[in-house]
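Required output: the full structure, derived from the provided sequences and hints.
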Amino acid sequence: MSQPLGVANEDAIKLTGAERKAVRQRSFRLLAALALPQKKMFALTVLLVLVSNAARVALPLLIAFAIDSTLPAVREGNWAALGLTGGAYILCAVTAGVMLSWYINAAARISQAMLLDLRLRVFRHTQRLSLEFHESYTSGRIISRQTSDLETLRELLDQGVSELASSCVFIVFTLASIFMLDWQSGIIVCFAAIPVTGLFYWYQSRSEVLYRESRVVSAKVISTFVETMTGIRAVKAFRREKANDQNYADLAEQYRANNVKSFNLFGILQPGLVLLGNLTVAGLLAFGGFRILDGTMQVGVMVALLLASKRIFQPMDEIAMFYSSLQSATAALEKVSGLLEEEPTVKEPPAPRSIEQVRGELAFKDAVFGYGDGPVIMDRFDLSIPAGQTVAVVGQTGAGKSTLAKLIARFYDLRSGSLTLDGVAIKDLSNEQLRRHVVMVTQEAFLFSGSVAENIALGRPGASLQEIQDAAKAVGAHQFILDLPDGYDTDVNKRGGRVSAGQRQLISFARAFLADPAVLILDEATSSLDIPSERAVQHGLQTLLGNRTALIIAHRLSTVQIADRVLVVHGGKIVEDGSPQQLIADGGRFAALHKAWQDSLV
Amino acid sequence: MARRKNAGNQEAIPLSTTLKRLKPFVAPVLPRLIGGFFCALGAGIVALAIPQVLAKLVNEVLHYNGASGEVWFAVSIIAALGFLEALLIFLRRQFVLKPAAGVETDMRIHFYQHLQRLPVSFHERWGSGQLLSRSMSDLSLLRRWLAFGAMMLIVDTVTVITGLTLMFFHSWILGLLFLLGSIPIAIKAYHFRNDFRAASRLSQDQAGDLATAVEESVHGIRVIKAFGRGRDMYEGFNAQAKSLQETELSKARTLASFLLTVVAVPEVILGIGLVIGIAQVAAGTLSVGSLVAFFAIAAVIAIPVEAMGMLLGMTLSTKTALDRHFEVMDAVNDITSPDSPATPGEFTGAVELEHVRFSYPDEAGRARPILADINLEIRPGETMALVGITGSGKSTLLNLVPRLHDATAGTVKVHGMDVRDWDLEKLRTEIAVAFEDTTLFSTTIRENVLMGAPAGLDEQQREALLAEALDVAQAQFAYSLADGVETLIGEEGLSLSGGQRQRIALARAIAAQPRVLVLDDPLSALDVRTEEAVTQRLRAVLEGTTTLVVAHRPSTVMLADRVALLRDGRIDAVGSHAHLLSTNEHYRYVIASLDDDEQESQIPSEVNR
Ligand SMILES: Nc1ncnc2c1ncn2[C@@H]1O[C@H](COP(=O)(O)OP(=O)(O)OP(=O)(O)O)[C@@H](O)[C@H]1O
Ligand SMILES: Nc1ncnc2c1ncn2[C@@H]1O[C@H](COP(=O)(O)OP(=O)(O)OP(=O)(O)O)[C@@H](O)[C@H]1O
Ligand SMILES: [Mg+2]
Ligand SMILES: [Mg+2]
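Top line first, the protein sequences correspond to chains A and B.
Residue numbering for the first sequence follows the numbering used here, starting at 15 and increasing by one per position.
Residue numbering for the second sequence follows the numbering used here, starting at 33 and increasing by one per position.
If a hint is listed, it holds; no wrong ones were tucked in.
Partner residues are not named here, just some residues of chain B that face chain A (Cβ under 8 Å, in silico):
no., residue
1, Q148
2, L164
3, V300
4, I304
5, E395
6, T471
7, T562
8, Y621
The hints are simulated quantities; they were obtained by calculation from the structure and are not laboratory data.
Computed from a prediction, not measured in an experiment: that's the story for all the values here.
Built from N, CA and C at the ideal position, the CB exists for glycine as well.
Next comes the structure, spelled out in structure tokens:
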């Protein structure tokens, strides 16, 4: 097979033959993979439906029996027959009810198990995917995959796969009875299958495109919605409300129009099937009518035939509904399976190596890096950081400092060259090992909704409250946390909106403190802090750093004072490298930066 | 880690109250819905009639040696009825689906519009996933119910009542018996209603929270990866997803046990009825014909009775979905334009805060509000720096100026007029903000920068504005990106470096060409050099623009004509940098990086506070 398509053509509605085939196949494969573990439950539900239906079919038969046989018996004084018939009736009634409720439970179990399975698969997979992927595939899309796409699968399952099976059984039995009554009429009914199939085929080819479009449009509606809500401050401050209203209304309208189109399409399929059914009955009536005229058919047989052939089309409605849900779910799973097909660009090694005792020595060799297939950002550099060294990285904005840091944290892989930790390529370390030993505090201090304590504990799940508090104390965050309404249990709200920017940074910092890694990377971790807090953090840092390797990126050169070594990055290259004193003495970029910084101080 | 919040007050809102609120949306399409209802009823009747007509035709019209015209007559009657049935089904859908989809979309758009206008304080509390589920799945549930559920519920009810009446007509004893059987069903239905409603509400809320969890897991992906916490996130999500699954299953159990009652009880009663009926026939008090007719009707109404169980479930889900929807629609927007907005006499550019007091809702009643008594006057065209320690309330104060929050007491004036007297949009046109966390959108750089640009500029002017804004913010790097200013910057601009993002956000504020500029620590992610360059250019641009800028560093303070020091919810001092430095100890503490003795040697210290 060729390269998987992934999410590449996600927004395409008209697909080429080959693309269509690929996405349909992966969609069905996913559906099959989800359904397969449930096969026993499926078998059970089909059985339950059949038994329940059989019990229900028995009820009218019992009534007929009661009138035809029990009544004469009772008239002769045989009251036991009446009791027996009544008992059988009640037994069947209870069986039908019990089986039905059992079936509903079992069907829900299948449906929920499949949904959970898919939900977790998608979640796990999106977490596995690299940042590169997330940078272009917005959260709105992922949410849309996880919500509205999953919803279509749910609709399909709620439509009742087992009921479908029982409908089919019903059709087969009814058809058999028609054949038994009159084989010629049976053949006529079979001929009706041709236009029915044609109608389904027509529906499938039209609806496929519509449902695909529906997924694309709904993802847009959702993404727009999510992005507005996430950026609501900017929306308000820059008065985007009206423009957004328009844009969203257009999208919602597009979504509606698409929905109406697919309703209309189904609105032809459904009455179309009814019409075909009725015409078949009319056809049979004509065929049989003439045979009654010439006496080759009995009136009684004729009535039975006609009623049976009318009944045979009744489950068609359910089948059509199921078919339509299947189309819709397939279109949704096309998208979901595309997402699942994406491979992380930063891969977990197949046979990870481990380091006994991590010292924290880092070495880049002939390293080249660029984001995605964009321009090269870091061109061919060598860098070696001995274990335990504190390195400050400075340079202009956009120079590549964060890039360097993110490489060490293996957010991205090098294009060529190597990066090793204690002589082992970090590509060969298991994700778990790497993350335990290398921790990065990113430039964006992100907090999750949940309590302050939970957020700090992210650094080391399972840490005791005491440890959490110690970490907070070490970075000077303890006092402000105590001042919050519920102290450490205060909910920081979505994205940490409950606390100030500086407080967010302090909490992120405490998190890293708690993680206690061998290699610590701080990317502008104090940029939003006031000077006293920054000083407190630095004080904490000095004790924290001890003998671990640290990479500190800072525009405020105050941090540099605690560094053993300074790297100046410029235009993706390390242009200066040495101890702070030495670089100041050399009079290069760093010296200039340092002077500018000193002048800015008071 | 995401928590269930906004679980909604579970106090029961009556169904009728909820449905009444649909009126404005449904009223215009009501005729169509009624038309659809009659089509559904008609289609049902035709469907029932066809077998009767068939039997009649075959038995009475066709016979041995008859004329072929009779056959064609029968065939055409059946074909005509067949067409009619299909047509009625077609019409029902035509009547109903379009308006139902229309109602859904209208409500969805209204919901979005309402949300956009709700204050920031609302959005701080609500996760976007939770809101999303209310706008998408809840409303599509409504659509389905309108187009199908509500209608079928009525059709089925009519069928069942008609059937029951007919049953009484044939045998009052059996009819009464049957009616008795509905007592356990009614009791069960009552419990079902309560249980199912609670479960349905819970599952909808949980689904919303799950969406919020997905959103957080994606937005926080960097932190998760940096700490290798993918597994913990997965486990958290797993637990949440499982509890949703559990709720769904318990919902199914509730429905299943209700349906058990609905299906089994009437049939058991019929079983008893059969025994009594046969006995009566045997005793000669009932005719066989009536007995047969009675059971024929019972068979017909068994289907709608069962369907009503399902439809009731659907109705309840729709009801809770609507409650969720209206819960948000009912959230009051306390930051709105006044009914008759005033216009300031003169657009001076002055910004004043008078005895402003502010506390966040969850801090209400605390002894010391975040902003206790703020008095600050920023003169027209002046640049004022706001300095204070982390968490002192600088950003909070800034938010009061464009009315992202409202002061709890006191007044904020822009151009000498209370912000609450302004038309909100006009007010915000006067003010541009650069937030401390740069909120960029995943479009092009051009779109981001020109977001707040004055309306009515032609292409060339916009281009010039863009160029100037980028130039002032020292964001010329934008031109050297792969697609220049058309480069897509990824979600929240995360494919830019920190400093690049901040400069784009600054450019956006500048491009809005406001009379009042509010900058929250706008240079924090810039290196000293770039900062210097930005500062220089900004100083020139800020000439004539009233500016309030939060500063943590002396270098940012350099932008300002005067500095205000925020401390303990009050403006502690206002003055020039040098003045404050020499007179205010707290100011020195906040802004000075040099140790005291170093300072001593630089500035003559005169601590007199
Ligand atoms: N995810 C990304 N995708 C594509 N390009 C990127 C991405 N992140 C950064 N870049 C580009 O790489 C270059 C270096 O960015 P980097 O974030 O390393 O700068 P930096 O030195 O950390 O700057 P700052 O001080 O502003 O944070 C910039 O030109 C930036 O536009
Ligand atoms: N949405 C909120 N709800 C409740 N309290 C809040 C909220 N936002 C901030 N706070 C609290 O209000 C105080 C002031 O926050 P604010 O963001 O104004 O501080 P700041 O001066 O801007 O600090 P920084 O320099 O860190 O940005 C903080 O103690 C914070 O915990
Ligand atoms: Mg950076
Ligand atoms: Mg702030």
